[in-house]
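Student: Once you've looked at the hints, dock chain B against the given chain A.
2 protein chains.
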Amino acid sequence: MVMKRYQVGFNNISAMLLLRRCHNLTRFGPLNTQRHLVAPAVTSCTVRLWSSGSSEDHRSYQRAHGPRWRHALAGLLAGTGAVLAYGLYHNKAEQADTVRVQPIEKTSALPIFTQEEVTSHRSLEDGVWVTYKGGVYDITEFVAMHPGGDKILLAAGGDLEPFWALYAVHNQEHVLEILSEYKVGELSAEDLKKQQTIESSDPYSSDPKRHPVLHINSLKPFNAEPPPEILGDSYITPSAIFFKRNHLPVPQVDPASYKLHVDGLPGESLTLSLEELKTRFPKHTITATLQCAGNRRSEMNKVKQVKGLNWGIAAISNATWSGAKLRDVLLAAGYRPDDAQWARHVQFEGLDKDVTGTTYGASIPLNKAISEEGDVLLAYEMNGEDLPADHGYPVRVVVPGTVGARNVKWLGKIIVSADESSSHWQQNDYKGFSPGTDWDTVDFKSAPAIQELPIQSAITTPADGAMVNRSNEEVTVKGYAWSGGGREVVRVDVSVDGGKTWQVAELKSSEKGQEPEPSPSPGRAWAWKLWEVTAPLPAEAQELEIVCKAVDNSYNMQPDTVSPIWNLRGVLSNAWHRVKVKIREDESEE
Amino acid sequence: MVMKRYQVGFNNISAMLLLRRCHNLTRFGPLNTQRHLVAPAVTSCTVRLWSSGSSEDHRSYQRAHGPRWRHALAGLLAGTGAVLAYGLYHNKAEQADTVRVQPIEKTSALPIFTQEEVTSHRSLEDGVWVTYKGGVYDITEFVAMHPGGDKILLAAGGDLEPFWALYAVHNQEHVLEILSEYKVGELSAEDLKKQQTIESSDPYSSDPKRHPVLHINSLKPFNAEPPPEILGDSYITPSAIFFKRNHLPVPQVDPASYKLHVDGLPGESLTLSLEELKTRFPKHTITATLQCAGNRRSEMNKVKQVKGLNWGIAAISNATWSGAKLRDVLLAAGYRPDDAQWARHVQFEGLDKDVTGTTYGASIPLNKAISEEGDVLLAYEMNGEDLPADHGYPVRVVVPGTVGARNVKWLGKIIVSADESSSHWQQNDYKGFSPGTDWDTVDFKSAPAIQELPIQSAITTPADGAMVNRSNEEVTVKGYAWSGGGREVVRVDVSVDGGKTWQVAELKSSEKGQEPEPSPSPGRAWAWKLWEVTAPLPAEAQELEIVCKAVDNSYNMQPDTVSPIWNLRGVLSNAWHRVKVKIREDESEE
Numbered sequence: 001m002v003m004k005r006y007q008v009g010f011n012n013i014s015a016m017l018l019l020r021r022c023h024n025l026t027r028f029g030p031l032n033t034q035r036h037l038v039a040p041a042v043t044s045c046t047v048r049l050w051s052s053g054s055s056e057d058h059r060s061y062q063r064a065h066g067p068r069w070r071h072a073l074a075g076l077l078a079g080t081g082a083v084l085a086y087g088l089y090h091n092k093a094e095q096a097d098t099v100r101v102q103p104i105e106k107t108s109a110l111p112i113f114t115q116e117e118v119t120s121h122r123s124l125e126d127g128v129w130v131t132y133k134g135g136v137y138d139i140t141e142f143v144a145m146h147p148g149g150d151k152i153l154l155a156a157g158g159d160l161e162p163f164w165a166l167y168a169v170h171n172q173e174h175v176l177e178i179l180s181e182y183k184v185g186e187l188s189a190e191d192l193k194k195q196q197t198i199e200s201s202d203p204y205s206s207d208p209k210r211h212p213v214l215h216i217n218s219l220k221p222f223n224a225e226p227p228p229e230i231l232g233d234s235y236i237t238p239s240a241i242f243f244k245r246n247h248l249p250v251p252q253v254d255p256a257s258y259k260l261h262v263d264g265l266p267g268e269s270l271t272l273s274l275e276e277l278k279t280r281f282p283k284h285t286i287t288a289t290l291q292c293a294g295n296r297r298s299e300m301n302k303v304k305q306v307k308g309l310n311w312g313i314a315a316i317s318n319a320t321w322s323g324a325k326l327r328d329v330l331l332a333a334g335y336r337p338d339d340a341q342w343a344r345h346v347q348f349e350g351l352d353k354d355v356t357g358t359t360y361g362a363s364i365p366l367n368k369a370i371s372e373e374g375d376v377l378l379a380y381e382m383n384g385e386d387l388p389a390d391h392g393y394p395v396r397v398v399v400p401g402t403v404g405a406r407n408v409k410w411l412g413k414i415i416v417s418a419d420e421s422s423s424h425w426q427q428n429d430y431k432g433f434s435p436g437t438d439w440d441t442v443d444f445k446s447a448p449a450i451q452e453l454p455i456q457s458a459i460t461t462p463a464d465g466a467m468v469n470r471s472n473e474e475v476t477v478k479g480y481a482w483s484g485g486g487r488e489v490v491r492v493d494v495s496v497d498g499g500k501t502w503q504v505a506e507l508k509s510s511e512k513g514q515e516p517e518p519s520p521s522p523g524r525a526w527a528w529k530l531w532e533v534t535a536p537l538p539a540e541a542q543e544l545e546i547v548c549k550a551v552d553n554s555y556n557m558q559p560d561t562v563s564p565i566w567n568l569r570g571v572l573s574n575a576w577h578r579v580k581v582k583i584r585e586d587e588s589e590e
Numbered sequence: 001m002v003m004k005r006y007q008v009g010f011n012n013i014s015a016m017l018l019l020r021r022c023h024n025l026t027r028f029g030p031l032n033t034q035r036h037l038v039a040p041a042v043t044s045c046t047v048r049l050w051s052s053g054s055s056e057d058h059r060s061y062q063r064a065h066g067p068r069w070r071h072a073l074a075g076l077l078a079g080t081g082a083v084l085a086y087g088l089y090h091n092k093a094e095q096a097d098t099v100r101v102q103p104i105e106k107t108s109a110l111p112i113f114t115q116e117e118v119t120s121h122r123s124l125e126d127g128v129w130v131t132y133k134g135g136v137y138d139i140t141e142f143v144a145m146h147p148g149g150d151k152i153l154l155a156a157g158g159d160l161e162p163f164w165a166l167y168a169v170h171n172q173e174h175v176l177e178i179l180s181e182y183k184v185g186e187l188s189a190e191d192l193k194k195q196q197t198i199e200s201s202d203p204y205s206s207d208p209k210r211h212p213v214l215h216i217n218s219l220k221p222f223n224a225e226p227p228p229e230i231l232g233d234s235y236i237t238p239s240a241i242f243f244k245r246n247h248l249p250v251p252q253v254d255p256a257s258y259k260l261h262v263d264g265l266p267g268e269s270l271t272l273s274l275e276e277l278k279t280r281f282p283k284h285t286i287t288a289t290l291q292c293a294g295n296r297r298s299e300m301n302k303v304k305q306v307k308g309l310n311w312g313i314a315a316i317s318n319a320t321w322s323g324a325k326l327r328d329v330l331l332a333a334g335y336r337p338d339d340a341q342w343a344r345h346v347q348f349e350g351l352d353k354d355v356t357g358t359t360y361g362a363s364i365p366l367n368k369a370i371s372e373e374g375d376v377l378l379a380y381e382m383n384g385e386d387l388p389a390d391h392g393y394p395v396r397v398v399v400p401g402t403v404g405a406r407n408v409k410w411l412g413k414i415i416v417s418a419d420e421s422s423s424h425w426q427q428n429d430y431k432g433f434s435p436g437t438d439w440d441t442v443d444f445k446s447a448p449a450i451q452e453l454p455i456q457s458a459i460t461t462p463a464d465g466a467m468v469n470r471s472n473e474e475v476t477v478k479g480y481a482w483s484g485g486g487r488e489v490v491r492v493d494v495s496v497d498g499g500k501t502w503q504v505a506e507l508k509s510s511e512k513g514q515e516p517e518p519s520p521s522p523g524r525a526w527a528w529k530l531w532e533v534t535a536p537l538p539a540e541a542q543e544l545e546i547v548c549k550a551v552d553n554s555y556n557m558q559p560d561t562v563s564p565i566w567n568l569r570g571v572l573s574n575a576w577h578r579v580k581v582k583i584r585e586d587e588s589e590e
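For the record, the sequence lines run as chains A and B.
Going by this note's numbering, the letters in the first sequence line up with residues 1 to 590, in that order.
Going by this note's numbering, the letters in the second sequence line up with residues 1 to 590, in that order.
Excised from the complex, chain A in its bound form (with noise of 0.2 Å):
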C-alpha cells in the first residue's frame, strides 16, 4: 500500500521534473498513461540533456542550469518524505542512451578502485563517485538531475547503502536500473570488506512500535495520521493516535546519559541534564495543538500535483504538554534583555541525524521565544507522561500557535543567534509560494519561513462518500478548527448546500461531558476546538455537499478555494474543507 503510493508520486513527479525543464507542456493526464504522454513531447529536451558527453558541456550545462535546478529540487529527499523520478528517469534512460556519444561497457571487465581514489571524487570539479555493493559509480551528470537535489552530494566519494537505508524510497528496481548506467568499475576487494564491517543495519530498526489505526503516509522516515472520525473524537488527541511526523529515524536517547546545550549567549555556555531541566526551572503546562505544513495537502494534489507527502486531513493533533519554559532556560543560560540588539531567532538542533551526522533543525524569532507570553516549551510530558520515542523523548520544543516543523523534537541543542536555522528544512522547505511560482521559477529565498500558521478547519464525520438516510431526517457534522500565533477560534460556519447558505457551529474546548477550558487570555490560544452542527437533510437534495470554515479572533477566514492557494510544496492547504455525502432514500417499511 505505501510502495503503491510512492509509485504514483514517481511517475508524476518525474513528468514534472521533465516537463519542468523542456516547457512542452503544463499538463498531464492520469498517472497509468503518463509515460506514453510525456514520451514523444520530451525527445528533444532528453537529447539535449544527454548529449553533453564532455565534462566541459557538461560543466556549461552545469553553470547555465545546475544550481538554479539543484536549488528548486532541493529538499525533495531530506525534507518531504522523499520522492524520486527513476521511473521516467529510466524511461528518459533508455531513449538517451540512442544519443548518448559514448555509451558505457557494462559488460566488459572494470578497473578495480581502491577507496581513496574513490572517495578523490567528491566533487562536481572532480568528478562525483559513489560505491554500491562493491560497484564503483561515476554519477557526475547524475547530480543535476537528482530529485533530492545536492544532498546527494553528502554521499560523495562515500557508498550509497547507508544514505538509502535512510530514505526507504530508494529501495526500487528503477534505482538500481539508472544506478548501473554510471557503473565505472569496482571496489577492491579489502575496502568492500572495510565497508560491510562499518555499515549498519537498517537505521530504522530501532524505530518504535507504532498503534495499527494509523494510516501511514511514509514508513521510513515514519509518517502517518490517525483517522480522521477518530481525531474528531477527543479534544485532547490520545499520544498513540497523535499524528507522527518524522524526518530521520528515531534516535534512542539514554536519559540517564541526556545533555541539552545552550550556546550563542555571551560567557560560557549552558549544559543540562535531563533532571536539572525537570528541577531547576518550574514546570508549565499548556495545551497546544500541532499542525504540519502539509495537512491536507492531499487535496493541492487533486488540483496539480505537488512534492510531498499525502497527507489527509489529519495532519494536526492536541496535546497537553508539559516541561520548562524556554524563556526561563534562556535566562538561566544568561540572556539579558540587551542581547535582543544582536539575536534575533532561537535555532533548535534535534538528535535525530542522517548518516553524515546532519542534524534535523530549526529556528524560531528570539520574540517569541523569550516572551512570556510565547509559552514556548521543553517539553518532557505529553498527556501526563514521559514523551512518547515519536514525539521528542526525552525532550522537544513546544512553540504553540506555530508550525510543527519548528516544533523540534529529541532536543540536543539551543542557539541563540543573529541568524535563522541555516537547515534545509528552515531556507529551503516549509515555505509558501504563489499558484504562479513553479519550479523553474521559484526562488526560496523570497518567501519567509513558515512560523504562525493561518485559520484551518476540516470536517472530521461525516467522512467523504458517506450515506445518510433519508429517515434520519437530520445530519450532524463534526470536525476541528484552529489558528495560529495563538488567535482563537471565534466561530465555525458549516453548510450543507456547498456554501449558499450557513449555520454556525457549536464550539468545545474540553472533552464531552467537561468543563469548558477557562477561555485564554488574548494571542494564547493555542489549543483548538472541535465542533458539532445538526442540520436538517433538504428535502430535495439527494446529495449534500458538506462545507465548513473558520474564523479566528483577528477575523482571519478561509480562502473559499484550494486553486488559487495551490503551491509546489502544498502546504498551507486551509481551503473551506468539503465532503459530499449521498442521502440514501429509505425502502418503505411495511
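Don't take every hint at face value.
One copy or two, it doesn't matter: identical chains are merged, so the pair holds either way.
Claimed, not checked - Subject to a maximum C-alpha distance of 27 Å in a straight line, what follows is the list of computed DSSO-like cross-link-like pairs (lysine-lysine): (1) Lys500 / Lys302; (2) Lys512 / Lys445; (3) Lys508 / Lys304; (4) Lys580 / Lys500; (5) Lys500 / Lys512; (6) Lys508 / Lys445; (7) Lys259 / Lys304; (8) Lys133 / Lys183; (9) Lys445 / Lys500; (10) Lys445 / Lys353; (11) Lys194 / Lys133; (12) Lys193 / Lys183; (13) Lys512 / Lys302; (14) Lys283 / Lys133; (15) Lys209 / Lys259; (16) Lys259 / Lys580; (17) Lys582 / Lys413; (18) Lys209 / Lys304; (19) Lys413 / Lys283; (20) Lys278 / Lys259.
It should be emphasised that the hints constitute simulated quantities derived from the structure, not laboratory data.
Tutor: Chain B in isolation, oriented as in the chain A frame:
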C-alpha cells in the same frame, strides 16, 4: 448626492426591517419597486404590529419582542452613519391606520403640556414623550421600530432637535411625517421659549474645512475617503486626504487647558497637560496604517444590503504618528506587572460627545496596551505636524495593527479596567457575524469586538470600468496591501483573468525613489505596502477581470468571494478585490 445616497439606504433598510419581523420574504428586488413588492406581503405583519392599541397589549409585545428587537437595532444611529427606515415606516403607517383601534385626531385642538409633564414620560413603562418645535409627541410605540435602536430613549422626556442636529439623517420629510403621527399636544409657550434659548445651533458648525477631493459618505458626522488612484499614489497618505471617520461632531479642544486623565489603577489618578505629555515621556514615531472596519463595505452591499456607511476601497490610509508610548504613561500612572492579575483592558474616552454627554469610547486588551512591542501611542503628531482637527487634535490613541475604531481621537480619558469599554461601539458595533446571522438572530455578545484586522488588499488603479488601449500591449496594476496585528504582507498575487492565473506583484514600502523602510521586526509590521505589477494584455480578451489577493507572514490569505463573508454590519470586507477593464481596439492609423 449625499442625500440621494441616504435615500437609497432608507428604502432598502426599511424593507429589511419589516422583513425581519414578518419572515415572509428573504430577498428583495431593486429599490424603486420596493414598496410595491413589499406592501402586500407585509400586511398581516403590520396589522399585528399596529393593532396592539392598549398599553397592556403594547407591553406584552415589548416583553416578547422588544429587547431583542431593540438590541438588534442598537447602534445604527450612533455607530454607522445613521440609516433610518422612515420611508417604509410611512408606508406601513398608512396601512396601519386603517386597523388602528383609536386613531389619534391630528386636526383637533390638542392639550397643552408643561416641560415637567413631558419630562415625567421617559421610559417604556411611563411612556416615552418628546418635544419638537413646540409639539409634544408620545413615541412609546415607535421605540421598538427606531432604526437607531434604543438610543432614541436618550431623548425621552426632552427635545428632539439637538439629536436631530447631531444626526443629520433625520432632516428628511419622511421623518417629520412619521413624527406627526404621534402628536399628543403642545408644549407651553413659556417652556418652549426656554428651550429655544438653551438649544444650540448646528453642532457641526465648527467642524474643520476639508479637502474637496474627498468622496463624502456622510456629512454629519463627517465621513469621507480619498479617490483610490490618489490614495495609491503615496506611501504616506497626506493628512488632508487621509480617510475621515467621525462618529460625532469634531470637538474644539484648547491645547492650553487640555487634560488627559489616567484612571483605574490603584492610588491617585494621573492627569497630564499636553505639555507634560510631550515633555515627560520619550517621543516615539511609527508608521502605521489605519483602516475602518467598514472599508469596502460597498462590495457587501452589492450582495445584500447591510447597515453602515457605503465605503469604497479607500477607508484606509497610512501615516507617521509621533507621541508618547501608552506603556510609558501607564507605568507613570502606577501600573505594575501585578495589575495584570485583575486588569484586562484599557478603555479610552474621546472628548467628542453627543447631546447627552455620552462620549465616544472603545477599549483594547491590556497586553496590547502594555507590551513594549505593542507600540500603542498617545499621538500628538501626524506626518510630522500637530494632529489635524479631524484626526484627534490635540491627542489621539494610535493602536497599530488594530481596527480604526479603537484608535480613539480627541482623547480625554484612559481607564485601566477588568472590563471592556461598555460603549455601544465596543459592545454592539464593530463585530463580525456569520453570513447566516440576521437581525432577528444576532446575539451581539456571541462575537468578540474587532481588534486586529485580517489580511486586506485592493486595486487602486485601474478603476473598475476603465479602458485600456490594445496598442499599450500591457496593463499596469497598482494597489495596497495590509494586515492587522503587525503581520507583514509578504506577497500580493495579481490575476488579469479573473483568478485563473497569477503573477506576483512588486511590493513597495516607501515613497517612489526613496529607500525602503527597514524591515520591521516580527509582529510589528504596522504599515501597509503598496504594490505594482505589469501584465501583458491577453491577445484574445476584450475585457480583463483584474483580481488581487495578499498574503501576510502568518500566511493568512483573503477569501475568494464576498457572499460567504457577508455580515449584517458589512464589516471585515476583505475578499479578493476585482475590477473589470475593457480593452479598446485602437483605430488603425493610415
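Student: It remains to establish, for every hint, whether it holds in the given structure.
Tutor: Hint check:
1. Lys500 / Lys302: both (23 Å within a copy, 16 Å between copies)
2. Lys512 / Lys445: The answer is between: 24 Å across copies meets 27 Å, while 45 Å in one copy does not.
3. Lys508 / Lys304: Answer is neither; intra-copy 35 Å and inter-copy 31 Å both fail.
4. Lys580 / Lys500: For Lys580 and Lys500, both the intra-copy (15 Å) and inter-copy (25 Å) Cα distances are at most 27 Å.
5. Lys500 / Lys512: Answer is neither; intra-copy 31 Å and inter-copy 44 Å both fail.
6. Lys508 / Lys445: This pair counts as between: shortest inter-copy Cα distance 17 Å, intra-copy 40 Å.
7. Lys259 / Lys304: Answer is neither: 45 Å inside a copy and 62 Å across each miss the 27 Å cutoff.
8. Lys133 / Lys183: Result: close within a single copy only, 12 Å intra versus 104 Å inter.
9. Lys445 / Lys500: between (40 Å within a copy, 25 Å between copies)
10. Lys445 / Lys353: within (25 Å within a copy, 52 Å between copies)
11. Lys194 / Lys133: Within one copy, since 12 Å is at most 27 Å while 108 Å is not.
12. Lys193 / Lys183: Within one copy only: 19 Å inside, 110 Å across.
13. Lys512 / Lys302: Result: close neither inside a copy nor across copies, 35 Å intra and 42 Å inter.
14. Lys283 / Lys133: Neither way: Lys283 and Lys133 sit 51 Å apart in one copy and 71 Å across, limit 27 Å.
15. Lys209 / Lys259: within (25 Å within a copy, 70 Å between copies)
16. Lys259 / Lys580: This pair counts as neither: shortest intra-copy Cα distance 51 Å, inter-copy 62 Å.
17. Lys582 / Lys413: neither (52 Å within a copy, 59 Å between copies)
18. Lys209 / Lys304: Neither. Shortest intra-copy (34 Å) and inter-copy (56 Å) distances fail the 27 Å Cα cut-off.
19. Lys413 / Lys283: Classified as within; 20 Å inside a copy, 41 Å across copies.
20. Lys278 / Lys259: The answer is within: 12 Å in one copy meets 27 Å, while 52 Å across copies does not.
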